[in-house]
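Chains A and B, in that order, give the protein sequences.
Numbering follows our numbering, with no gaps: position 45 of the first sequence is 48.
Numbering follows our numbering, with no gaps: position 139 of the second sequence is 147.
FYI, nobody ran anything at the bench for these hints, they're computed from the structure.
There's no promise every hint is true.
Claimed, not checked - Derived coverage of chain A by chain B (criterion: at least 3 residues anywhere in the stretch with Cβ under 8 Å from a Cβ of chain B; other residues may be distant):
hint	segment
1	54 to 67
2	139 to 149
Stated by the list, open to error - Straight-line distance between alpha carbons at most 20 Å, and here's what the computed SDA-like set of lysine to any residue pairs gives:
hint	chain 1	residue 1	chain 2	residue 2
3	B	K261	B	E302
4	B	K261	A	G31
5	B	K79	A	G70
6	B	K53	A	Y140
7	B	K190	B	E113
8	A	K93	A	Y140
What the hints assert, rightly or not - Ranges of calculated distance between the beta carbons of each label pair, as one might list FRET restraints:
hint	chain 1	residue 1	chain 2	residue 2	range
9	A	R136	B	D239	22 to 32 Å
10	A	K154	B	A177	19 to 29 Å
11	B	P395	A	D44	23 to 33 Å
12	A	A53	B	A404	40 to 50 Å
A virtual CB, placed ideally from N, CA and C, is assigned to each residue, including glycine.
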Amino acid sequence: MEDHGSAALRGLLAAMPEAILETHARLGDATASVDPSRVVDVLRHLRDTAGLEFDMLVDLTGVDHLGATPRFEVVYHLLSLRHHHRVRIKARVGEEAPEIPSVCGVFASANWMEREAFDLYGIRFRDHPDLRRILLYDEFEGHPLRKDYPKERRQPLVGPRN
Amino acid sequence: MASEPHLLTERSRDREEDDSYRDLHTEHQVLNMGPSHPASHGTVKFVIELDGETIVGLDVQVGYLHRGFEKECESGTWYQAIPYTDRLNYNSAILANVGYCLAVEKLLEVETPERCQWLRVLAGELSRLGDHLTRTGAACLELQAMTPFLFGIEARELIWDLQEILCGARVTSNYVRIGGVKHDMPATFPAVVRESFPKIRELLEDFDDVITQNRIFVDRLRGTGFLSKEDCIRYAVTGPLLRAAGVPQDLRKTEPYLVYDQIDFDVPIGEVGDNYDRYLVCVEEMHQSLRIVEQCVAWLEKNPGPVNVDDPRVRWPAKGRVFNKMEELIQQFKAVTEGPMVPAGEAYHAIESANGELGFYVVSDGTAVPWKVRCRPPSFINLAPLPLMVKGALLADLIPTFDFVNMIGGECDR
Numbered sequence: 004m005e006d007h008g009s010a011a012l013r014g015l016l017a018a019m020p021e022a023i024l025e026t027h028a029r030l031g032d033a034t035a036s037v038d039p040s041r042v043v044d045v046l047r048h049l050r051d052t053a054g055l056e057f058d059m060l061v062d063l064t065g066v067d068h069l070g071a072t073p074r075f076e077v078v079y080h081l082l083s084l085r086h087h088h089r090v091r092i093k094a095r096v097g098e099e100a101p102e103i104p105s106v107c108g109v110f111a112s113a114n115w116m117e118r119e120a121f122d123l124y125g126i127r128f129r130d131h132p133d134l135r136r137i138l139l140y141d142e143f144e145g146h147p148l149r150k151d152y153p154k155e156r157r158q159p160l161v162g163p164r165n
Numbered sequence: 009m010a011s012e013p014h015l016l017t018e019r020s021r022d023r024e025e026d027d028s029y030r031d032l033h034t035e036h037q038v039l040n041m042g043p044s045h046p047a048s049h050g051t052v053k054f055v056i057e058l059d060g061e062t063i064v065g066l067d068v069q070v071g072y073l074h075r076g077f078e079k080e081c082e083s084g085t086w087y088q089a090i091p092y093t094d095r096l097n098y099n100s101a102i103l104a105n106v107g108y109c110l111a112v113e114k115l116l117e118v119e120t121p122e123r124c125q126w127l128r129v130l131a132g133e134l135s136r137l138g139d140h141l142t143r144t145g146a147a148c149l150e151l152q153a154m155t156p157f158l159f160g161i162e163a164r165e166l167i168w169d170l171q172e173i174l175c176g177a178r179v180t181s182n183y184v185r186i187g188g189v190k191h192d193m194p195a196t197f198p199a200v201v202r203e204s205f206p207k208i209r210e211l212l213e214d215f216d217d218v219i220t221q222n223r224i225f226v227d228r229l230r231g232t233g234f235l236s237k238e239d240c241i242r243y244a245v246t247g248p249l250l251r252a253a254g255v256p257q258d259l260r261k262t263e264p265y266l267v268y269d270q271i272d273f274d275v276p277i278g279e280v281g282d283n284y285d286r287y288l289v290c291v292e293e294m295h296q297s298l299r300i301v302e303q304c305v306a307w308l309e310k311n312p313g314p315v316n317v318d319d320p321r322v323r324w325p326a327k328g329r330v331f332n333k334m335e336e337l338i339q340q341f342k343a344v345t346e347g348p349m350v351p352a353g354e355a356y357h358a359i360e361s362a363n364g365e366l367g368f369y370v371v372s373d374g375t376a377v378p379w380k381v382r383c384r385p386p387s388f389i390n391l392a393p394l395p396l397m398v399k400g401a402l403l404a405d406l407i408p409t410f411d412f413v414n415m416i417g418g419e420c421d422r
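Chain B on its own, in the form it takes in the complex (with noise of 0.2 Å):
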């Protein structure tokens, strides 16, 4: 990794010595950049002043994507809303599914049996996985390298697939539920698990073969979009960008929740904080993911056992005793037509999605509707330093800046 954190100043500072850039009088230029371009995956838009090939100023516009998620979650039942969340961060769909629920139950003082906690940890790593993938694979494919962006659509292909058995969709996948997960997981997952992970990790390593110590990918990378631990810090950046600028802050370790506490994984972390160290600490976190699932498998393997709470007030009663008695019959209409009912009162759960800290604010005014449903989403709160990352760097170190900071329109817009 890279030891000296000034690189990105170093092509401003040839310049000043130069003195054929100081005699001539330029002026400054803006230049708008989307809110479609092809460089930059999402809706968003960049006003750019630019001083010849600088950028001076910028100023990120966002808000294209906006569909109101709050307002939507605020006129159905807490159920309705798990559709919703999957389409925030749409490249790991699960995170939010496992977020909100997660919230929820805080609220209801619920507590999921042991196997549906596993088998959100394994749905949840197969998303990070995901987002991690197209995140790296994309930045590739915007730094003009097509193959490493093919093999990792190909090694997410096969997450997708494995996303298909369990969830029976592969993009919006609407998996949990409060006080459970939709249903178990099928019996032959883990025979394809384990038939696909060694070809996932052939991809992996034929993506780091083809890319990693790449001249172009690595001037282009290193010393770009540097942001100091204390920036970090001060504009609440979590995730890859806070973790490869040093900081062990990851709430699978910090506060962990579900079964994180029971597994075995490590938390990479960078040295400086340019897009070279979040380049590979996600590199890192998709082989600790991969590690996370097999264990997640193994366990599941062993242990059978109920994947929904046993708890009228949030599951539904099996069938059986539905078409049978007279109570559970009861219970399933009030069920399906009110949805659950929530204490009043307000919690906020937070885990860590592939972007970082995606937090569920909910209050709730005891009714079957949601008073509030506020999400805290990791990509706009991490979008807000980009003036800073790029600020006196060059117009192209915007992309590879951008992609790393990994801005999902879904989830920054809502």
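The following block holds chain A by itself, in its conformation from the complex (with noise of 0.2 Å):
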């Protein structure tokens, strides 16, 4: 695998690159492809490495991408604000039961994000310390930013509650 002259991908591949599945750098975007269960390993290698320093989750979402195996993608990018580069850090969660670490552990910032994206897309965040919904109510059906949700489904009508 290429580091694309990226320093973050350079670190990552040389440190664990049995974790990294796939690098790209396409319009100048350095992406790192990871396994799920390594995930908060590589965070926290970007985090707290000397040159990298990665020190701010700047956004995490999931990508739904129907009818591929694995189906979930949680997508991190991450910014460092001594050296202003960035980097895309990406990993597969399968259909059935999706479920990835929490990075909760690493970046605080990952608490709110984390519960967006189990809110909308279903996907688990283990060890989360606070996984509920968070943008929508606790008696919704189903997650709205699955393919597979259609847009003009109703919900059951809920009380007021108290």
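The two chains are supplied separately, each in an independent frame; assemble them into the complex guided by the hints.
Shown next, in the form of structure tokens:
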């Protein structure tokens, strides 16, 4: 695998080559697809290694590749305030009971963003301290950003709550 | 600016030393505030655990304005998502337009003409001014200071008049296009800018005179809502909140996009990271935005040129050619009915919006319909550490802190 001239990819490939499945740097975005069970190690390595110092997890989201296996993808965007460079980490999770370790222990900002991905895609984040729905209400049925969730689907009426 | 970062806990420390409080066996009380509360602009619910007037726990419940932005984007063309981006942060609609179009252009590998880029900077800075005026004005209003709010709104009216001349709409402007902008600046625009900017500066001065040194205002802001530099970074807080904590992170400087590298402006930073620093940072950013707009107008007056990229994949051909040539007619027909085909791939582009890093992560499967449009909403991410900012503070401190987080329901809940 190639590092495409990115310090982050070079560092990852040197430290944990077995966890990296694929790399690319199309359109200037350095990207690594990683083994989902190693995502916490990968992010911790990126945060703590001198020269990389990705101190901010700016974004975390899911993507539904309906029809592909594994079906879901969790996408992390990291930024280093010191070096002003970015990297994208992706991890695929399967359709049956999609689950991936939570990265809340590495980046506090993951808390709400993982809740959102859980809410809208139904991806479970193992060891998340407070995995509740965030944008939708508890009684909502299904996960609306999944491609097989029809846009016009009606939800049951929910009475007032106290 | 305040130099003592521990003011937040001063009041609670006083209490601990006061024995009369220790003898009282108080019970915690849970208070529901919102989702519709007059002191919180935006629809959000706080479940607050109180010990007397002190906040011991806070659960922020968002989502009341969730309209399925991302789901809607996946059912139209790439173009049809632009009006939805207007309705994310409705205080600074153009910035979201710009952010989305830059992400799609990155995926298309399209470079817009220089004049278009200056126009986008101009429109975006007007938007930022409107956003900051609303934020600081509303913060004063919610602290019972009506006059500065009216100064702020008067100045915002002048900004919105300029936006109307430029885009044809005051709030949801829908100005930016993939590969260009809707139309060029009208010939009368520079004259109106020269006429209204002295008025805006005067209003900002009045605003400053009446509130910045006001004893009540300073007491309510200084030392409240404190969030350290380290916590800001841990929670990925960006924008004026991060800069108020002393981190000079502004994407316009650190990762310049459009023509920001050719523009002369300064990035103000705070020292402590309390609400007063946030206020001062916002006020200074408004003065910097005025400077940027003036530079844009000066450049645009001197350099006429096209505002749309000459690329049939994304922009429609000129009307004169459409009516007289067969190929152009077909191009126009396909552009309108199908929209641009975006090559398969993924791209992330972030801009500095009024609230912080506004990013768009777009995924295409090679068709004319987006596979995924993710908005990285600064409001949502900046709101997450709110419990940390107000823990141990008085209930009344929640109001200014929430004001300066500037959570915008449309962007937070999407």
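Evaluated hints:
no.	hint	verdict
1	54 to 67	holds (count 8)
2	139 to 149	holds (count 4)
3	B/K261 - B/E302	18 Å, holds
4	B/K261 - A/G31	19 Å, holds
5	B/K79 - A/G70	18 Å, holds
6	B/K53 - A/Y140	13 Å, holds
7	B/K190 - B/E113	16 Å, holds
8	A/K93 - A/Y140	28 Å, violated
9	A/R136 - B/D239: 22 to 32 Å	25 Å, holds
10	A/K154 - B/A177: 19 to 29 Å	27 Å, holds
11	B/P395 - A/D44: 23 to 33 Å	29 Å, holds
12	A/A53 - B/A404: 40 to 50 Å	44 Å, holds
Hint compliance for this structure: hint 8 alone is broken.
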